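Asker: Sequence:
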Amino acid sequence: MQLSTALVRITAILLPVALLATGWLYSYPVLDKNCGFPPPSHGETAPFRLLALGDPQLEGDSSLSKRGWARRLRKRLDLWGNDFYLAHIVRSVRYWTKPTHVAVLGDLLGSQWISNEEFASRSTRYWNRVFKGMQTVEEEVMLGQENLQELGKKNWEGSLINIAGNHDIGYAGDLDDERALRFEEKFGKLNWDVWFSLPNSSSFEGEGEPPALRLIILNSMNLDAPALSETHQSETYDFLNYLITTSRSVQDKSHATVLLTHIPLHKREGTCVDSPFFSYFPSHREYHGVKEQNMLSEDASKTVLEGVFGLSGNPEAEGRGFGRPGIILNGHDHEGCDTMHFIPQYKLEPPAGCKNPPNWIEDYHVKDSSTLSTTKTEFPKVGVWNAMRLPSSPSRPENPVQPMIWENEEGKEVYGPPCIMEDETPTIREITLRSMMGDFGGYAGFLSAWFNETKGERGEWMFEFKTCGVGVQHWWWTVHVVDIVTIYLLVASALVRVIESKRRAAVHTEKKTQ
Numbered sequence: 001m002q003l004s005t006a007l008v009r010i011t012a013i014l015l016p017v018a019l020l021a022t023g024w025l026y027s028y029p030v031l032d033k034n035c036g037f038p039p040p041s042h043g044e045t046a047p048f049r050l051l052a053l054g055d056p057q058l059e060g061d062s063s064l065s066k067r068g069w070a071r072r073l074r075k076r077l078d079l080w081g082n083d084f085y086l087a088h089i090v091r092s093v094r095y096w097t098k099p100t101h102v103a104v105l106g107d108l109l110g111s112q113w114i115s116n117e118e119f120a121s122r123s124t125r126y127w128n129r130v131f132k133g134m135q136t137v138e139e140e141v142m143l144g145q146e147n148l149q150e151l152g153k154k155n156w157e158g159s160l161i162n163i164a165g166n167h168d169i170g171y172a173g174d175l176d177d178e179r180a181l182r183f184e185e186k187f188g189k190l191n192w193d194v195w196f197s198l199p200n201s202s203s204f205e206g207e208g209e210p211p212a213l214r215l216i217i218l219n220s221m222n223l224d225a226p227a228l229s230e231t232h233q234s235e236t237y238d239f240l241n242y243l244i245t246t247s248r249s250v251q252d253k254s255h256a257t258v259l260l261t262h263i264p265l266h267k268r269e270g271t272c273v274d275s276p277f278f279s280y281f282p283s284h285r286e287y288h289g290v291k292e293q294n295m296l297s298e299d300a301s302k303t304v305l306e307g308v309f310g311l312s313g314n315p316e317a318e319g320r321g322f323g324r325p326g327i328i329l330n331g332h333d334h335e336g337c338d339t340m341h342f343i344p345q346y347k348l349e350p351p352a353g354c355k356n357p358p359n360w361i362e363d364y365h366v367k368d369s370s371t372l373s374t375t376k377t378e379f380p381k382v383g384v385w386n387a388m389r390l391p392s393s394p395s396r397p398e399n400p401v402q403p404m405i406w407e408n409e410e411g412k413e414v415y416g417p418p419c420i421m422e423d424e425t426p427t428i429r430e431i432t433l434r435s436m437m438g439d440f441g442g443y444a445g446f447l448s449a450w451f452n453e454t455k456g457e458r459g460e461w462m463f464e465f466k467t468c469g470v471g472v473q474h475w476w477w478t479v480h481v482v483d484i485v486t487i488y489l490l491v492a493s494a495l496v497r498v499i500e501s502k503r504r505a506a507v508h509t510e511k512k513t514q
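UniProt numbering applies: residue 1 is where the sequence shown begins, and numbers increase by one.
Simulated from the structure, these hints should not be mistaken for laboratory data.
These figures come from a predicted structure and were not determined experimentally.
Just so you know, nobody snuck in bad clues.
List time: in silico DSBU-like cross-link candidates among lysine-lysine, alpha-carbon distance up to 35 Å:
1) LYS132 / LYS98
2) LYS466 / LYS291
3) LYS75 / LYS98
4) LYS466 / LYS189
5) LYS33 / LYS132
6) LYS98 / LYS33
7) LYS154 / LYS466
8) LYS189 / LYS153
9) LYS466 / LYS186
10) LYS466 / LYS132
11) LYS98 / LYS455
12) LYS291 / LYS381
13) LYS186 / LYS75
14) LYS154 / LYS132
15) LYS186 / LYS132
16) LYS189 / LYS75
17) LYS75 / LYS291
18) LYS75 / LYS466
19) LYS153 / LYS466
20) LYS302 / LYS291
Could you put together the complete structure from these sequences and hints?
Answerer: This is the structure in structure tokens:
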């Protein structure tokens, strides 16, 4: 068998594999029903479509091995490939899903301890590779000089909303002036907000302001104490006070709030993969205060829920305590989690008093009680914040919270979800986005928001969310390696065939001359 024939046969096997794999890799958002923005019930496109990405954590020189050139070369190749793997996710989902806004929910880079030179290097890779063609939000918007925008009018598709994470600026105990300044120079302000109005908002009649959507970027890294910089912590709490004083009335449901931050709100152990955890720097160290945390404290979480959203366990509060409509998106927990926070206003009696919507009911069927957390689910107390994991959560904790145990009509014990009287319990959804890193499947989140004129007295904003992943980074590497090998074989087959043809022609000519 001639060499060219063997190469052609191998190529014939690899070519369809390469075409199918490449087609899948570059069009996966079209092939996965969860890769896209949920449409409104009337079928039109939502006017606000936020593409959310979590924790890319670009590594650099600090991750390079000091044991031999081979390991260093391998790691450099890995970093190079990781940049383009992340870029592929960004490019693919933006191309196919057409978001109106794009946000990264913290931990843009991999360490807050890197030098200024390394910070600049990673920032360059971030903008020139991973998010090539995008830029920071205009400074006039972040400074509040252009605080009111019209949905669809301004070119937000190319502006990247960056939220600060612990690997960008540190936790409260090591967040200093230098880290805050260099982040804001490269990625934008730590705290800011903007209002979006509907394109046809002037057509809405009646009393009050027209429908609007408020987007809030909150630095949650120093909400808890003690903090290294009291100045920076004061700035964060001043911003919270500004949000509260400039918010519309909780009785006006024609506006809603989208809160983007990094650290998730407090939830008891077993609700999500991460559990509540705090550690602190020793008092004699250069840095002091919070060293690490998985979630915000209960007090900080309460400040956000009751301050920003105006929710309350007191039925006598303004708006009966139901607060402002909205949703919370964050990162930090790489596994991701989807939860509903709620605060009962009245004593609830199971099971007749429960009115959980079907999409709130998690699968609480327990096959092995030894896998449950030691945290027992008590009946929700009046005026106390609680949270339950939703079925849409992308992950489940290894030891989930023990579900509630009720007696059914036959007197047998049955497991069930926490009891919520939907119509009489203030609630808000918090989505912790699964990381876009390769080890976690390269996830992206798609938040749709639209205004439903038929709901309530003056209409209300509606939110829907989907999430999907491209798969681990090894798929990206495999597909491109197969493509390169296939192209090489195609070229090699053609060259070998040309060489063989010339040899045959030379032999034929030689025979003629004999």
